[in-house]
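Protein chains: 2
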Amino acid sequence: MQLYHHPFCAHSRLIRLALGEMGIEPELIEEHVWERRAEFLMLDPAGITPVLVENDGFVVPGGDLIAEYLDETRGDHLADRRLLPVDLYARVEVRRLTSWFNHKFFAEVSEPLVREKVYKRRMPREFGGGPPEMSIIRAARANIRYHLQYIGWLLKSRNWLAGERMSYADLAAAAHISVVDYLGDVPWDEDEGAKIWYARIKSRPAFRPLLALTVAGMPPAPCYADLDF
Amino acid sequence: MQLYHHPFCAHSRLIRLALGEMGIEPELIEEHVWERRAEFLMLDPAGITPVLVENDGFVVPGGDLIAEYLDETRGDHLADRRLLPVDLYARVEVRRLTSWFNHKFFAEVSEPLVREKVYKRRMPREFGGGPPEMSIIRAARANIRYHLQYIGWLLKSRNWLAGERMSYADLAAAAHISVVDYLGDVPWDEDEGAKIWYARIKSRPAFRPLLALTVAGMPPAPCYADLDF
Numbered sequence: 006m007q008l009y010h011h012p013f014c015a016h017s018r019l020i021r022l023a024l025g026e027m028g029i030e031p032e033l034i035e036e037h038v039w040e041r042r043a044e045f046l047m048l049d050p051a052g053i054t055p056v057l058v059e060n061d062g063f064v065v066p067g068g069d070l071i072a073e074y075l076d077e078t079r080g081d082h083l084a085d086r087r088l089l090p091v092d093l094y095a096r097v098e099v100r101r102l103t104s105w106f107n108h109k110f111f112a113e114v115s116e117p118l119v120r121e122k123v124y125k126r127r128m129p130r131e132f133g134g135g136p137p138e139m140s141i142i143r144a145a146r147a148n149i150r151y152h153l154q155y156i157g158w159l160l161k162s163r164n165w166l167a168g169e170r171m172s173y174a175d176l177a178a179a180a181h182i183s184v185v186d187y188l189g190d191v192p193w194d195e196d197e198g199a200k201i202w203y204a205r206i207k208s209r210p211a212f213r214p215l216l217a218l219t220v221a222g223m224p225p226a227p228c229y230a231d232l233d234f
Numbered sequence: 006m007q008l009y010h011h012p013f014c015a016h017s018r019l020i021r022l023a024l025g026e027m028g029i030e031p032e033l034i035e036e037h038v039w040e041r042r043a044e045f046l047m048l049d050p051a052g053i054t055p056v057l058v059e060n061d062g063f064v065v066p067g068g069d070l071i072a073e074y075l076d077e078t079r080g081d082h083l084a085d086r087r088l089l090p091v092d093l094y095a096r097v098e099v100r101r102l103t104s105w106f107n108h109k110f111f112a113e114v115s116e117p118l119v120r121e122k123v124y125k126r127r128m129p130r131e132f133g134g135g136p137p138e139m140s141i142i143r144a145a146r147a148n149i150r151y152h153l154q155y156i157g158w159l160l161k162s163r164n165w166l167a168g169e170r171m172s173y174a175d176l177a178a179a180a181h182i183s184v185v186d187y188l189g190d191v192p193w194d195e196d197e198g199a200k201i202w203y204a205r206i207k208s209r210p211a212f213r214p215l216l217a218l219t220v221a222g223m224p225p226a227p228c229y230a231d232l233d234f
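Residue numbers (our numbering), protein chains in the order written: chain A, 6 to 234; chain B, 6 to 234.
The hints are simulated quantities; they were obtained by calculation from the structure and are not laboratory data.
Being a predicted model, the structure only gives us computed values, none of them experimental.
Each hint should be verified, as a subset may be incorrect.
Copies of the same chain look alike in the list, so a pair counts if it fits in one copy or across any two.
Think about it this way: if two alpha-carbon atoms lie no more than 25 Å apart in a straight line, the pair counts; the simulated SDA-like pairs of lysine to any residue are [said to hold, decoys possible]: (1) K125 x G198; (2) K200 x A51; (3) K125 x F234; (4) K109 x E195; (5) K161 x A43; (6) K109 x M47; (7) K109 x P12; (8) K125 x P136; (9) K109 x Y124; (10) K109 x K122; (11) K125 x H108; (12) K109 x V38; (13) K122 x G25; (14) K125 x N148; (15) K200 x E35; (16) K122 x I34; (17) K109 x E131; (18) K122 x G198; (19) K161 x E32; (20) K161 x E44; (21) K161 x P50; (22) K109 x I201.
With the hints as constraints, model all of the structure from the sequences given.
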């Protein structure tokens with residue numbers, strides 16, 4: 006199985022975590038979507054990471070779709086560790102929170118931070134590169150605080166974000182937070198419950214490849230790989 | 006069943022079309038999300054339309070989730086008119102194109118046009134109201150052309166957007182296009198195949214309530230409700 010990804014793409018990280026939980030090690034291909042490579046656009050005309058290519062060549066594009074597809078093809082094997090529960094009502098809650106992080110947290114926190122601090126720095130000017138906009142970074146750093154409070158609030162009555170078992174909701178939240186944590190922008194003093202939850206998910210074996218990740222010229226924040234942050 | 010919606014929210018329109026295809030007539034409640042009503046935020050903390058409330062009070066928030074939920078609870082009844090096919094590979098293609106219109110077309114066309122031409126005009130200045138930004142409107146009007154070409158290209162080898170049967174992909178595309186068509190911004194001379202497909206879906210009974218819709222102070226473009234546009 007091949008996974009086209011980018012180390013700062015949180016949606017790619019979510020799929021890497023899910024594959025890790027399923028015991029699958031894909032061949033990783035780093036894709037710079039802003040280059041709009043013709044071969045990549047042939048796989049997925051939308052041109053965004055992640056894109057999964059099955060052994061038989063079948064292409065599944067986009068984090069949301071890959072998550073559903075992996076559950077449909079490999080969910081049974083996971084039994085009670087299934088990432089999308091079978092129960093109708095539990096599915097809605099898992100999908101609601103997965104979508105919360107993949108879309109709302111992404112728009113308000115992880116996308117603007119990565120765009121301003123990473124992509125604009127690495128992209129040539131003709132693709133939109135340039136110096137970061139500090140007002141956008143400040144807004145994203147303020148926004149993350151209420152998301153951490155929301156995580157803490159959910160965990161007052163639950164073991165994991167969407168219920169009693171770990172699910173895609175936890176992996177999505179952790180994937181987006183891990184990207185921001187690499188950049189050193191998670192205020193871990195904001196919510197004790199959120200911090201304990203993140204320490205728990207961060208210590209799972211599936212998380213190790215993400216913690217080992219270092220991007221040339223852009224080392225992670227000191228707390229990033231620390232399990233006892 | 007209750008549906009919190011907004012007439013210019015394409016995601017709400019997609020669900021209205023899906024419910025129409027299922028023969029379900031929900032109680033419609035128009036929600037102005039920018040007012041951030043406390044009762045609405047209690048139903049869905051993300052605070053966006055559409056939100057479905059089942060007869061028993063169960064809440065399903067967001068267009069993507071409601072589509073999956075309706076298929077899981079009512080899909081069987083539709084038999085070969087099912088909007089999300091059962092086949093694993095066909096599901097990926099339906100979800101890919103549904104996501105294309107709900108996210109990509111939304112970001113590049115329907116969201117900016119509705120924001121600039123409708124919401125900014127109707128919202129008080131303290132909620133972000135004000136005069137439209139013409140450069141954004143021009144960019145969205147340019148972007149829609151390649152989406153119409155893509156629809157036309159898909160239909161050269163298929164009966165409907167994602168395959169031989171009508172699916173959520175068609176309803177999502179039609180929902181987003183219908184919002185733009187209300188504003189008079191669909192260049193129907195761009196692609197003959199796309200126009201024929203839209204005429205076909207526009208003539209379905211489920212489409213009638215959308216075509217009958219008129220917003221006070223903002224009448225639809227002349228071609229909007231015309232089945233022979």
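Outcome of the hint check:
1. K125 x G198: neither (33 Å within a copy, 39 Å between copies)
2. K200 x A51: between (35 Å within a copy, 22 Å between copies)
3. K125 x F234: neither (29 Å within a copy, 44 Å between copies)
4. K109 x E195: Cα proximity of K109 and E195: one copy only (19 Å, versus 34 Å across).
5. K161 x A43: between (48 Å within a copy, 22 Å between copies)
6. K109 x M47: For K109 and M47, the Cα distance is within 25 Å only across copies (17 Å; inside one copy 29 Å).
7. K109 x P12: Close inside one copy (20 Å) and across copies (22 Å); limit 25 Å.
8. K125 x P136: within (7 Å within a copy, 30 Å between copies)
9. K109 x Y124: both (20 Å within a copy, 20 Å between copies)
10. K109 x K122: both (19 Å within a copy, 24 Å between copies)
11. K125 x H108: both (21 Å within a copy, 23 Å between copies)
12. K109 x V38: both (21 Å within a copy, 15 Å between copies)
13. K122 x G25: Classified as neither: same-chain Cα gap 28 Å, cross-chain 46 Å, threshold 25 Å.
14. K125 x N148: both (21 Å within a copy, 23 Å between copies)
15. K200 x E35: neither (30 Å within a copy, 39 Å between copies)
16. K122 x I34: This pair counts as within: shortest intra-copy Cα distance 22 Å, inter-copy 42 Å.
17. K109 x E131: between (28 Å within a copy, 22 Å between copies)
18. K122 x G198: neither (28 Å within a copy, 43 Å between copies)
19. K161 x E32: neither (38 Å within a copy, 34 Å between copies)
20. K161 x E44: between (47 Å within a copy, 22 Å between copies)
21. K161 x P50: between (42 Å within a copy, 17 Å between copies)
22. K109 x I201: within (22 Å within a copy, 36 Å between copies)
Consistency with the previously given hints fails for numbers 1, 3, 13, 15, 18 and 19, ordered from lowest to highest.
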